[in-house]
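From first to last, the protein sequence lines are chains A and B.
Our numbering numbers the first residue of the first sequence as 13 and each following residue consecutively.
Our numbering numbers the first residue of the second sequence as 9 and each following residue consecutively.
Please keep in mind that the hints were generated in silico from the structure rather than gathered at the bench.
This one's a predicted model, so the numbers in the text were calculated from it and none came from an experiment.
Mixed in with the good hints, there may be bad ones.
To be verified - So the derived label-pair ranges between C-beta atoms look like this:
1) Val23(B) x Thr81(A): 29 to 35 angstroms
2) Leu119(B) x Gln72(A): 21 to 27 angstroms
3) Gln78(B) x Gly53(A): 43 to 49 angstroms
4) Ile124(A) x Gly24(B): 44 to 50 angstroms
5) Thr22(A) x Pro114(B): 34 to 40 angstroms
6) Thr81(A) x Trp15(B): 42 to 48 angstroms
7) Gly53(A) x Gln21(B): 30 to 36 angstroms
Glycine residues also receive a C-beta, built at the ideal position from the N, C-alpha and C atoms.
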Amino acid sequence: GESVGLHLPTLSVQEGDNSIINCAYSNSASDYFIWYKQESGKGPQFIIDIRSNMDKRQGQRVTVLLNKTVKHLSLQIAATQPGDSAVYFCAENRETSYDKVIFGPGTSLSVIP
Amino acid sequence: SQTIHQWPATLVQPVGSPLSLECTVEGTSNPNLYWYRQAAGRGLQLLFYSVGIGQISSEVPQNLSASRPQDRQFILSSKKLLLSDSGFYLCAWSPWGGKETQYFGPGTRLLVL
Numbered sequence: 013g014e015s016v017g018l019h020l021p022t023l024s025v026q027e028g029d030n031s032i033i034n035c036a037y038s039n040s041a042s043d044y045f046i047w048y049k050q051e052s053g054k055g056p057q058f059i060i061d062i063r064s065n066m067d068k069r070q071g072q073r074v075t076v077l078l079n080k081t082v083k084h085l086s087l088q089i090a091a092t093q094p095g096d097s098a099v100y101f102c103a104e105n106r107e108t109s110y111d112k113v114i115f116g117p118g119t120s121l122s123v124i125p
Numbered sequence: 009s010q011t012i013h014q015w016p017a018t019l020v021q022p023v024g025s026p027l028s029l030e031c032t033v034e035g036t037s038n039p040n041l042y043w044y045r046q047a048a049g050r051g052l053q054l055l056f057y058s059v060g061i062g063q064i065s066s067e068v069p070q071n072l073s074a075s076r077p078q079d080r081q082f083i084l085s086s087k088k089l090l091l092s093d094s095g096f097y098l099c100a101w102s103p104w105g106g107k108e109t110q111y112f113g114p115g116t117r118l119l120v121l
């Protein structure tokens, strides 16, 4: 089910280090996955997406890895900066009778200067 | 390019008062539209989605309703607000028909006293 009632897990990272944010999904029929970044008081912003026919996709300083065998998704941020401090959500699109994106509970990333 | 607007940005309302939050999208036609609620420090809860004018699907039973009077306008309403309606309300759109990313508005912060 949707994890909207859980408190956010947190991750603290030293500036300049790499960050890895993990996400598990439950539906093996999901075939499209998205990572969002939400800064305090703002709406989520698209970071990167990946389709199920891929296992890795790279963007600018970010990489998304998809392991369909264990239904696991991760977001790697290289050389983490203070501006990366935010809540990060993974989302999956399930093959149901309508297109609906299901969001994970989110992870709060705190960058230590 | 597409843009999504929400207003008001913040709202303080007494219990029992009505509510109307508006969301409009520019630069696209036939978008899928969504209303989410986010409690402080929590994930996103999908409230309503719409695939066309007058077509509204509700995800959870609640004190709220939604309407889509025009193609790019989505309204969230309540006849009588409850304390539990407080939260951060996010509108989002996605291109019609496909498994695509949702793009979020800036959100409305509602405090019911």
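Any hints this thing doesn't respect? Which numbers, in order? Per hint list: 1, 2, 3, 5 and 7 violated.
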